[in-house]
Amino acid sequence: MNEDAAPFNVIGKPLPRKEDRRFLTGRGRYLDDIDLPGTIHVCFVRSPYAHARILSIDISEAEQMPGVVAVVTGEQVNQWTAPLRMAPPIDGLQPMEMTTLPVDKVRFQGDPVACVVATDRYLAEDAAELVLVDYEPLDVVADMFEAMKEAAPKVDDALSTNLVSHQTFAHGDTAARMRQAHRVVEAEFRSHRQTHLPMETRGILADWDEGRGHLTLHVGNQAPHPYRSVMAGRMKMKESEVTVIVPDVGGGFGQKIAVYREELTVAALARHLKRPVRWREDRLENLSAASHARENVARTRAAVDANGCLLALELELYEDFGAYSFYPANYLARVIAMILTGPYRVQDYAYDVKIALTNKCGNGPMRAPMAITSWIMEGTMDAIARDLGLDPVDVRRRNILSENDLPYTMATGETLEDINPAEVMEKGLAAFDYEAFRRRQAEDRNSGVYRGVGICNVVESTTYGSKFYKAAGIPGSGHECAWVKVEPSGAVRASAGVMATGQGYETAFSQAVGEGLGIDPANVAIELGNTDVAPYGMGSRGARGGTAGGGTLYLAAQAVRDKALAIAANLMGLNSAERLRLTDGVVQQFANDAWSDTELTLADIARVAYLDPTKLPDGMDPGLETLKAYDPPAMTYSNLVHICEVQVDVQTGEIAIPRYLIVENCGTMLNPTIVKGQQLGATIMGLSGTLFEHIVYDENGQNLTGTLADYLVMSADKAPEIEILDLSTPNQRTPAGLKGMAEGGVMGAIGAVTGAVNDALAPFDVVFDRHPLSPNAIRAKLRSKI
Amino acid sequence: MEKAAITLNINGQDFDMLVEPRKLLSDAIREDARLTGTHVGCEHGVCGACTVQIDGRPQRSCLTFAVQAVGKSITTIEAIADGDGGYSALQQALHEEHGLQCGFCTPGIIMTFEAYLKENPDPTNEEIRDVLSGNLCRCTGYQGIVKAVKVAAERMRSGEHQGGRS
Chain A
1 MNEDAAPFNV
11 IGKPLPRKED
21 RRFLTGRGRY
31 LDDIDLPGTI
41 HVCFVRSPYA
51 HARILSIDIS
61 EAEQMPGVVA
71 VVTGEQVNQW
81 TAPLRMAPPI
91 DGLQPMEMTT
101 LPVDKVRFQG
111 DPVACVVATD
121 RYLAEDAAEL
131 VLVDYEPLDV
141 VADMFEAMKE
151 AAPKVDDALS
161 TNLVSHQTFA
171 HGDTAARMRQ
181 AHRVVEAEFR
191 SHRQTHLPME
201 TRGILADWDE
211 GRGHLTLHVG
221 NQAPHPYRSV
231 MAGRMKMKES
241 EVTVIVPDVG
251 GGFGQKIAVY
261 REELTVAALA
271 RHLKRPVRWR
281 EDRLENLSAA
291 SHARENVART
301 RAAVDANGCL
311 LALELELYED
321 FGAYSFYPAN
331 YLARVIAMIL
341 TGPYRVQDYA
351 YDVKIALTNK
361 CGNGPMRAPM
371 AITSWIMEGT
381 MDAIARDLGL
391 DPVDVRRRNI
401 LSENDLPYTM
411 ATGETLEDIN
421 PAEVMEKGLA
431 AFDYEAFRRR
441 QAEDRNSGVY
451 RGVGICNVVE
461 STTYGSKFYK
471 AAGIPGSGHE
481 CAWVKVEPSG
491 AVRASAGVMA
501 TGQGYETAFS
511 QAVGEGLGID
521 PANVAIELGN
531 TDVAPYGMGS
541 RGARGGTAGG
551 GTLYLAAQAV
561 RDKALAIAAN
571 LMGLNSAERL
581 RLTDGVVQQF
591 ANDAWSDTEL
601 TLADIARVAY
611 LDPTKLPDGM
621 DPGLETLKAY
631 DPPAMTYSNL
641 VHICEVQVDV
651 QTGEIAIPRY
661 LIVENCGTML
671 NPTIVKGQQL
681 GATIMGLSGT
691 LFEHIVYDEN
701 GQNLTGTLAD
711 YLVMSADKAP
721 EIEILDLSTP
731 NQRTPAGLKG
741 MAEGGVMGAI
751 GAVTGAVNDA
761 LAPFDVVFDR
771 HPLSPNAIRA
781 KLRSKI
Chain B
1 MEKAAITLNI
11 NGQDFDMLVE
21 PRKLLSDAIR
31 EDARLTGTHV
41 GCEHGVCGAC
51 TVQIDGRPQR
61 SCLTFAVQAV
71 GKSITTIEAI
81 ADGDGGYSAL
91 QQALHEEHGL
101 QCGFCTPGII
111 MTFEAYLKEN
121 PDPTNEEIRD
131 VLSGNLCRCT
141 GYQGIVKAVK
151 VAAERMRSGE
161 HQGGRS
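Chains as they are written, first to last, in this note's numbering: chain A, 1 to 786; chain B, 1 to 166.
Any given hint could be a false lead.
List time: in silico EDC-like cross-link candidates among lysine to aspartate or glutamate, alpha-carbon distance up to 20 Å [to be verified]: (1) Lys467/A to Asp717/A; (2) Lys3/B to Asp120/A; (3) Lys150/B to Glu721/A; (4) Lys147/B to Asp120/A; (5) Lys274/A to Glu186/A; (6) Lys147/B to Asp126/A; (7) Lys781/A to Glu654/A; (8) Lys718/A to Asp130/B; (9) Lys154/A to Asp126/A; (10) Lys150/B to Glu136/A; (11) Lys147/B to Glu160/B; (12) Lys485/A to Asp621/A; (13) Lys147/B to Asp717/A; (14) Lys467/A to Asp631/A; (15) Lys467/A to Glu417/A; (16) Lys18/A to Glu78/B; (17) Lys718/A to Glu126/B; (18) Lys718/A to Asp649/A; (19) Lys3/B to Asp126/A; (20) Lys718/A to Glu127/B; (21) Lys3/B to Glu417/A; (22) Lys13/A to Glu96/B; (23) Lys150/B to Asp717/A; (24) Lys18/A to Asp130/B.
Because the hints were derived from the structure by calculation, they are not lab data.
With the hints as extra help, turn the sequences into a complete structure.
Laid out in structure tokens, this is it:
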């Protein structure tokens with residue numbers, strides 16, 4: 001791909017976003033803004049118990065209420081739909097199956113047991129209160145370590161135990177290294193339960209066309225085609241009988257990928273009642289019954305020599321997966337284990353990963369499903385430094401991958417290339433002025449001011465190719481698909497299977513197409529989210545939008561350009577298009593050592609392609625469009641460092657963040673403004689999770705955080721200003737050198753702020769190994785020390 | 001529940017509607033006036049997405065009943081523009097400073113600061129962040145929004161760009 005090394009015309013320009021006008025003027029079109037005549041509304045009846053047998057459900061009173069159209073339970077809905085069987089052939093994973101609605105027992109507080117349909121949402125909520133469910137409460141297990149005990153109540157009666165997944169791996173001989181080591185340093189990391197919290201909650205509007213037997217689903221979703229496939233299967237329909245249309249989406253962060261039981265129920269009701277049916281989730285439902293993430297416990301054992309060089313690493317990792325399996329249970333934790341060693345040299349590595357079911361809301365991948373990876377690794381580096389009395393930067397320098405180490409095959413077999421962890425860290429330390437900080441820190445401590453610095457190196461797995469899935473034993477494909485069409489007038493349209501939830505794809509992708517085709521991105525219309533329009537692709541997850549989405553569009557646009565130039569050559573009487581190119585929609589010719597405009601434009605070529613095909617080269621099909629599929633390398637990686645300075649008030653436990661610095665290598669950027677937006681948003685999400693957010697369950701499995709007054713999210717007055725420096729290098733294997741990014745910020749923030757707090761409070765001989773780092777948590781540890 | 005016939009004045013236009021007394025102003029604006037730019041994020045007054053102006057003051061439309069807004073002047077995002085129908089200074093700055101991503105929280109933020117900047121033409125970053133703490137944004141990390149408010153205030157002070165009509 002030599003031409004990719006050439007400077008770009010439109011890729012890399014900080015163009016303002018095309019999406020903004022409709023959002024800034026209140027003319028966006030989100031799910032709940034779509035109005036179909038005759039729409040009826042649902043409200044779900046949810047379990048107040050975390051674990052209980054359903055003895056009976058009395059819907060008679062609710063059915064009699066004026067305005068109520070229907071009340072259904074699992075008895076009916078499960079007849080209309082197929083169960084979900086989660087049983088990929090993965091070693092150590094127990095298969096799970098669930099019906100659309102539970103009929104025998106509920107497994108968490110918020111589990112839906114019945115659904116009321118009424119002429120408006122207020123009435124549906126009224127009637128839902130009249131549905132009488134007789135429950136027999138069962139013993140609850142709300143803690144993953146309790147759940148793994150032999151006598152624990154079983155969350156899923158069909159499973160042999162609550163240990164739904166157990167996987168181990170070893171490379172080299174960690175035990176031998178531990179024996180030979182100068183020291184074996186142990187550390188623990190406890191990450192707490194959080195949730196995605198898109199500002200727009202979930203919901204669906206299902207529209208049944210009785211005449212054609214066709215179902216149209218308006219739904220906020222990141223992966224419209226896989227969603228349609230699953231939906232069609234569970235509705236016992238063909239994919240050709242289902243259309244998924246995704247409007248503007250008010251954030252997803254991983255919560256809007258799976259087919260949820262509520263959505264399936266609504267789709268089945270629309271078909272049954274032959275009317276449009278809408279569900280709009282409220283915030284209580286979103287916090288308690290959508291999906292959760294991040295409740296992990298990790299322990300590391302690091303064998304080191306006297307200089308802090310890492311000889312071997314062992315990881316024990318646990319995840320509380322909740323009550324249901326919308327994804328293979330190993331899906332989230334396995335990536336943590338696979339990429340843990342990230343920026344560091346170590347070949348002797350072993351992991352043991354256990355996933356337990358509990359009576360809590362089920363898990364889903366939340367922006368950076370592997371988010372705690374970097375905290376575990378960097379926290380281990382800090383533990384080594386503490387143990388050996390070394391500077392944490394020196395320990396990192398002795399272990400970090402530099403240019404000479406690359407490409408580097410990790411112990412898990414994944415190959416790192418085109419990254420620069422050492423260079424990125426050094427640039428960050430220089431910009432931060434680490435040495436000066438240490439002097440300032442020492443001086444301030446004398447006057448009772450406690451500052452700390454945290455350094456978090458991140459290698460972010462961004463684009464997962466099909467080879468990775470195959471190697472990891474995860475079913476699915478990593479490819480993406482796109483089309484680019486030039487209409488007879490010269491108007492350009494393009495589509496891909498990925499779907500935006502606010503990132504700015506319409507702008508960034510128009511730059512990929514504009515670059516590949518040779519036109520102004522302002523003249524490219526990007527059409528996403530409608531499965532009748534978009535080609536079958538795997539959708540948006542991880543950080544695949546740039547490389548899989550943008551990269552495939554770039555290749556498709558190049559293919560259309562090649563055809564356009566072949567037509568141009570024929571029209572000009574040339575036997576080759578070698579000395580032709582398209583720039584800003586005009587054909588240019590190379591002659592006398594210079595490019596100059598010809599009379600021909602892309603519009604002229606399009607007119608010939610569609611309306612005057614006898615002028616086309618012999619054997620060429622009329623029309624000017626291409627469908628292109630692309631499967632990225634097994635994995636692409638970006639890398640970055642976060643350096644966070646905190647000041648901790650030891651009297652109140654409050655944490656201030658006076659300085660926050662990022663250096664990142666994320667490859668070619670389609671649009672640096674949009675990249676920066678992702679870096680900032682991801683970082684604040686990581687800080688918010690570490691410092692504020694916490695889904696709290698009591699021992700009875702009751703969710704105590706059902707409002708935004710209980711589930712705290714970082715607000716503007718607490719968020720720091722962030723400086724970002726760039727040290728990007730292109731990926732050599734991908735179209736245009738794209739790598740992808742958007743999750744690394746979460747990874748970096750968790751490790752950096754935790755490291756900084758521990759550094760600040762080192763004089764008190766305390767180590768914080770769990771989150772959230774609330775003022776109460778800080779004070780609880782300091783109380784006996786001050 | 002008995003419905004009441006009411007008239008709401010929204011963006012200078014009268015909307016006649018038949019609503020239950022318990023109907024939230026946010027729902028009446030969206031469903032009965034069909035002005036869907038006002039978004040509902042939490043329905044308990046924390047997230048700020050549903051913020052509109054009532055008699056020029058920013059208020060949570062999810063914490064107000066529609067019947068309480070009778071006789072008042074309600075302004076929503078659909079009315080915000082400069083005199084020529086283009087962006088207001090704040091909208092323009094949000095566009096330039098990448099102060100929005102998914103756009104769901106954006107109308108509430110604009111309604112808050114269109115009012116705030118009229119009374120506070122020269123806010124510090126700290127003051128902007130303090131006011132912005134009433135609106136949650138899950139996408140941007142707030143930095144672009146703070147910058148945009150600052151830029152908009154400067155332009156409005158210098159007369160380079162007028163504030164939004166509201």
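Cross-check of the supplied hints:
1. For the suggested pair Lys467/A and Asp717/A, the alpha carbons sit about 44 Å apart, so the restraint of at most 20 Å is broken.
2. A distance of roughly 13 Å separates the Cα atoms of Lys3/B and Asp120/A; the hinted pair therefore holds under the 20 Å criterion.
3. A threshold of 20 Å between alpha carbons decides the hint, and for Lys150/B with Glu721/A the separation of about 14 Å falls inside it, so the pair holds.
4. At most 20 Å may separate the alpha-carbon atoms for a hinted pair to count; Lys147/B and Asp120/A exceed this at roughly 41 Å.
5. With a CA separation close to 61 Å, the supplied pair Lys274/A and Glu186/A exceeds the 20 Å bound.
6. At most 20 Å may separate the alpha-carbon atoms for a hinted pair to count; Lys147/B and Asp126/A exceed this at roughly 45 Å.
7. For the hint pairing Lys781/A with Glu654/A, the CA-to-CA distance comes to about 13 Å; that is within 20 Å, so the pair holds.
8. With a C-alpha separation of about 9 Å, the suggested pairing of Lys718/A with Asp130/B holds against the 20 Å cut-off.
9. Between Lys154/A and Asp126/A, the direct Cα distance comes to roughly 34 Å. Violation of the 20 Å bound is thereby established for this hinted pair.
10. Annotation: proposed proximity of Lys150/B to Glu136/A is violated, straight-line Cα distance about 58 Å (limit 20 Å).
11. At roughly 17 Å between alpha-carbon atoms, Lys147/B and Glu160/B fall within 20 Å of each other, so this suggested pair holds.
12. For the given pair, Lys485/A sits about 14 Å from Asp621/A by alpha-carbon distance, which is consistent with the 20 Å threshold.
13. With a C-alpha separation of about 14 Å, the suggested pairing of Lys147/B with Asp717/A holds against the 20 Å cut-off.
14. As the CA atoms of Lys467/A and Asp631/A are separated by approximately 9 Å, the hinted pair is consistent with the 20 Å bound.
15. Between Lys467/A and Glu417/A the alpha-carbon distance is near 16 Å, which keeps this suggested pair within the 20 Å criterion.
16. Using a Cα cut-off of 20 Å, the hinted pair Lys18/A and Glu78/B holds, with the two alpha carbons roughly 19 Å apart.
17. Between Lys718/A and Glu126/B, the direct Cα distance comes to roughly 10 Å. Compliance with the 20 Å bound is thereby established for this hinted pair.
18. At roughly 15 Å between alpha-carbon atoms, Lys718/A and Asp649/A fall within 20 Å of each other, so this suggested pair holds.
19. A hinted pair counts as satisfied when its Cα atoms are at most 20 Å apart, and Lys3/B with Asp126/A qualifies at roughly 16 Å.
20. Taken as a hint, the Lys718/A and Glu127/B pair is honoured in the structure, with Cα atoms around 12 Å apart against an allowance of 20 Å.
21. Annotation: proposed proximity of Lys3/B to Glu417/A is violated, straight-line Cα distance about 67 Å (limit 20 Å).
22. Between the alpha carbons of Lys13/A and Glu96/B the distance comes to roughly 14 Å, so the proposed pair stays at or under 20 Å and holds.
23. Proposed proximity of Lys150/B and Asp717/A is supported: the alpha carbons are some 15 Å apart, at most 20 Å.
24. Taking the CA atoms of Lys18/A and Asp130/B, the gap is near 30 Å; set against the 20 Å cutoff, the hint is violated.
Consistency note: the structure conflicts with the earlier hints numbered 1, 4, 5, 6, 9, 10, 21, 24.
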